Amino acid sequence: MGDYTGYDVGTLRVRTVPNFWCHASADHAVLTRLLPAGPERTFIRVMWLVNESAEPERDYTLDRLLPFWQLTSEQDWALCERNHAGVRNPAFVPGPYSPRREYNVQAFVEWYLACLGTG
Numbered sequence: 001m002g003d004y005t006g007y008d009v010g011t012l013r014v015r016t017v018p019n020f021w022c023h024a025s026a027d028h029a030v031l032t033r034l035l036p037a038g039p040e041r042t043f044i045r046v047m048w049l050v051n052e053s054a055e056p057e058r059d060y061t062l063d064r065l066l067p068f069w070q071l072t073s074e075q076d077w078a079l080c081e082r083n084h085a086g087v088r089n090p091a092f093v094p095g096p097y098s099p100r101r102e103y104n105v106q107a108f109v110e111w112y113l114a115c116l117g118t119g
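In this note's numbering, the protein residues as written are 1 to 119.
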């Protein structure tokens with residue numbers, strides 16, 4: 001995308017806390033949005049974008065584009081589901097989030113509680 005002639009240009013990552021992120025590279029971008037859908041559910045929307053003039057099979061192929069993002073997204077979702085199961089366990093005791101590694105998780109929790117009017 002853009003005026004890049006090669007594919008080895010790195011990536012651009014943008015996060016909008018608490019629930020949106022975008023990974024863009026030379027030939028495509030992946031946008032992910034999470035929305036609470038109830039106390040036990042989350043609505044997830046993932047969109048893949050390519051340049052509007054890109055032609056399938058010439059400029060990109062879905063067989064090469066989608067598997068990596070599908071795999072990593074499904075791994076992330078499985079981790080979230082296991083984490084949620086642990087939190088629901090009666091033996092669970094909450095601890096502090098790491099301000100260095102989990103600041104975005106803390107921001108999501110604060111946003112979610114504010115939406116519920118309990119934050």
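Heads up, some of the hints might be wrong.
[What the hints assert, rightly or not] Ranges of calculated distance between the beta carbons of each label pair, as one might list FRET restraints:
#1 ARG64 x ALA37: 43 to 49 angstroms
#2 GLY117 x PRO94: 19 to 25 angstroms
#3 LEU79 x ALA107: 16 to 22 angstroms
#4 GLN75 x THR16: 30 to 36 angstroms
#5 ASN51 x THR16: 20 to 26 angstroms
#6 ALA91 x LEU35: 38 to 44 angstroms
If you are wondering where the hints come from, they were derived from the structure by calculation, not from laboratory data. Since the model is a prediction, treat every value here as computed from it, not as a measurement. From the three backbone atoms N, C-alpha and C, an ideal C-beta is built for every residue, glycine too.
Structure-based check of all given hints:
no.: 1; hint: ARG64 x ALA37: 43 to 49 angstroms; verdict: violated, 31 angstroms
no.: 2; hint: GLY117 x PRO94: 19 to 25 angstroms; verdict: holds, 20 angstroms
no.: 3; hint: LEU79 x ALA107: 16 to 22 angstroms; verdict: holds, 18 angstroms
no.: 4; hint: GLN75 x THR16: 30 to 36 angstroms; verdict: violated, 22 angstroms
no.: 5; hint: ASN51 x THR16: 20 to 26 angstroms; verdict: holds, 23 angstroms
no.: 6; hint: ALA91 x LEU35: 38 to 44 angstroms; verdict: violated, 30 angstroms
The earlier numbered hints that this structure contradicts are 1, 4 and 6.
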